[in-house]
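Asker: Given only the sequences and the hints, what does the whole structure look like? Please build it.
For the protein sequence lines, the chains are A and B, in the order given. Here the numbering used here is used: position 258 in the first sequence is 258, and no number is missing along the way. Here the numbering used here is used: position 34 in the second sequence is 34, and no number is missing along the way.
Among the hints, erroneous ones may be present.
Stated by the list, open to error - Per the computed footprint, the stretches of chain B lying under chain A, defined by three or more beta-carbons under 8 Å from a beta-carbon of chain A, are:
1. 117-125
2. 175-189
3. 193-203
4. 206-219
Unchecked claim - Ranges between beta-carbon positions, derived for each pair:
5. B:Q83 - A:S198: 56 to 62 Å
6. B:A49 - A:V176: 32 to 38 Å
7. A:I294 - B:P87: 33 to 39 Å
8. B:G249 - A:I294: 28 to 34 Å
9. A:P284 - B:M225: 39 to 45 Å
10. B:I120 - A:D215: 26 to 32 Å
11. B:L111 - A:L68: 39 to 45 Å
12. B:L253 - A:S198: 31 to 37 Å
None of these hints come from the bench; they were simulated from the model. Just so it is clear, CB atoms sit at the ideal spot from N, CA and C, and this is done for glycine as well.
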Amino acid sequence: MQKFWRFLTSLRLAIGLIVALVVGSTLATLIPQGLQSEEYITRYPKIVATLVVETGLGHYFSSLLFLLPVFAFFFNLLACTINRLLRELKKKGQRRHGPDILHVGLLVLIVGSLVSYSERKEGAVTLRPGDSVDLPGGETLILKSFSDERYENGRPSHWISIVDLTKGGKPLKSSVPIRVNSPLRVGAVTIYQASYGSEATLEITEPGGKTTFIDKGASLASGNAEIFFMTVDTKGTEPQALLRVTGVPGTELVRLGSVQTEIGPFRAAFKTTSTTGLQAVTDPGYPVVLAGLILVALGTTLTFIRKLKELPA
Amino acid sequence: MISTIAFILLLAAAAIQAVFLFRRPAVSDPVSPWLLSAAALLLLGFSIARSLEIGFAALTSTFESLVFYSAVIAVIEVAYRFQKKAPFFPFVEFGATFSAVVMLAIASSPLLPKEALPPIPALKSAWLALHVSFAFIGEAFFVVSFVSALVLLFSKDDKKRMDLDRVTYTAIAIGYPIFTAGALVFGAIWAERAWGRWWSWDPKETWALVTWLVYTAYLHVRLVMKKKEALPSIIAVIGFLCTIFTFFGVNYLLPGLHSYG
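Answerer: Here you go:
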């Protein structure tokens with residue numbers, strides 16, 4: 001037992017595990033990760049491909065090849081930290097707790113990483129102004145507007161989604177901006193500005209005055225008349241909708257621009273609307289990771305300030 | 001133009017230091033620290049002016065990062081010359097100046113775009129400025145450790161090897177916490193805010209971690225080995241080569257999220 005404890009707390013074991021992680025991680029950056037087995041077989045000689053597939057090098061960071069040394073490192077570090085902490089606490093004079101803080105930080109970081117790896121969830125949604133989406137906490141997010149701001153040279157400057165938040169019909173927050181690098185945190189969910197785009201829609205006013213929006217591939221009927229939104233022609237100066245109309249004599253194929261046009265009983269116009277891509281993430285591991293990172297930064301700083309002070313002049 | 005003048009000053013400092021390397025008895029040249037100081041001031045002034053021009057810290061392209069890196073190497077060298085804690089070696093000083101010259105020469109390459117461009121949305125974050133600046137300051141200390149470790153590997157004098165080991169260790173002891181904060185801690189915080197994922201195993205992230213693990217190995221190997229032995233110095237050299245691969249190799253050889261810098 002004593003022999004095992006000595007092995008577990010040995011610095012040589014720590015160094016060996018660090019070397020194993022360095023070698024494995026280096027190889028993982030040189031071999032494309034997450035491909036299908038057949039793709040490795042077409043890329044590499046058979047023996048190399050078999051090695052990559054069988055050892056897990058093709059998905060190294062979720063393979064035992066990576067996880068086993070990480071677990072071993074965790075227990076080695078835990079044992080060393082306990083050992084060192086007990087030794088320091090027995091000291092009568094000045095104690096050095098910088099390395100302890102650093103090591104505890106690394107342990108917390110590993111635990112946080114595992115929670116993050118297993119519990120992190122994400123989802124993405126594309127919204128047009130006016131669209132809404134329900135969040136896991138019962139809140140509703142409504143997109144008020146999206147702006148794609150540019151510098152004078154056309155380079156993107158900001159992508160901003162302005163949103164309202166409500167819960168049970170009551171307003172929670174109004175006109176909150178979500179920018180890249182400035183996400184919105186709603187309870188356990190963080191909402192990121194992830195992408196942007198545009199959607200082609202057909203705005204149709206029916207005979208009764210009701211306005212309906214239909215997307216490409218959809219149709220709308222009223223009485224005998226029906227409009228089918230076939231596709232978008234982007235070849236001209238202005239994009240146009242191509243429609244197939246039935247039940248309106250003399251009108252079968254219609255090209256429609258942004259100007260409202262009468263088609264049988266309908267009035268229709270083709271519009272391009274900006275859309276925003278929002279990503280919602282829940283990561284219960286991140287607060288743990290953040291605590292670990294802060295401890296690591298604090299621990300390294302304290303350790304080396306002390307060591308540098310102790311260097312003889 | 002300013003970076004060209006700084007380049008000439010660095011080149012002149014390197015030339016003077018090279019001449020003094022062969023003087024016996026060994027003496028430090030009185031001129032190069034002033035040339036290095038002037039070059040550092042010009043490069044930092046250039047970075048500040050460019051930051052004002054683009055409305056953000058000028059650390060968003062390879063060119064801007066290299067200018068900053070060269071400036072910090074020059075500042076550290078001047079500090080190394082005038083400090084009293086670590087032994088002074090003209091070879092180490094010359095090697096570091098030479099590294100700053102090489103970095104600035106790469107920055108001036110016609111292959112690198114130099115246009116002052118305002119940052120795209122993904123780069124607009126104070127965490128990015130902290131991430132990049134701290135990582136480069138840490139790596140500038142690793143330049144000194146690299147040169148002293150390299151000189152140690154070619155030295156046969158035990159006393160000299162002990163002194164060179166102290167220079168290597170001191171440089172890493174200062175650079176390691178700064179690099180840890182910059183490359184790993186601030187990098188992870190920025191990634192969480194920008195991409196919603198604090199770690200993605202992107203090649204640059206992985207190589208930054210590999211670099212950190214190599215320096216961690218150095219610090220632990222040095223604890224269990226006699227200081228004049230070669231292994232810690234070999235690891236210090238490998239550590240610096242990792243920083244170079246993380247910066248250049250990953251950018252040009254491996255695809256990933258850090259394609260802009």
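Asker: If you check the beta carbons of B:Q83 and A:S198, does the distance land in 56 to 62 Å?
Answerer: Check passed, 59 Å falls within 56 to 62 Å.
Asker: Within the stretch 193-203 of chain B, is the number of residues with a Cβ closer than 8 Å to a Cβ of chain A three or more?
Answerer: Since 9 is at least three, the answer is holds.
Asker: Look at the Cβ atoms of A:I294 and B:P87 and judge whether their distance stays inside 33 to 39 Å.
Answerer: holds (35 Å)
Asker: Note whether the CB distance of B:I120 and A:D215 lies within 26 to 32 Å or breaks it.
Answerer: holds (30 Å)
Asker: Within the assertion that chain A covers the stretch 206-219 of chain B, do at least three residues meet a Cβ-to-Cβ distance smaller than 8 Å?
Answerer: holds (count 8)
Asker: Does the Cβ distance between A:P284 and B:M225 fall inside 39 to 45 Å?
Answerer: Check passed, 42 Å falls within 39 to 45 Å.
Asker: With 31 to 37 Å as the target window, see if B:L253 and A:S198 comply at their CB atoms.
Answerer: Since the Cβ atoms of B:L253 and A:S198 sit about 35 Å apart, the hinted range of 31 to 37 Å holds.
Asker: B:G249 and A:I294, beta-carbon distance inside 28 to 34 Å?
Answerer: holds (30 Å)
Asker: How about the stretch 117-125 of chain B: do at least three of its residues have a C-beta closer than 8 Å to a C-beta of chain A?
Answerer: holds (count 7)
Asker: Could you tell me whether the CB distance from B:L111 to A:L68 stays inside 39 to 45 Å?
Answerer: Check passed, 42 Å falls within 39 to 45 Å.
Asker: For the stretch 175-189 of chain B, do three or more residues have a beta carbon lying closer than 8 Å to a beta carbon of chain A?
Answerer: holds (count 8)
Asker: Check the following: the C-beta atoms of B:A49 and A:V176 are separated by a distance inside 32 to 38 Å.
Answerer: holds (36 Å)
Figure legend: structure checked against the earlier numbered hints; every hint is met.
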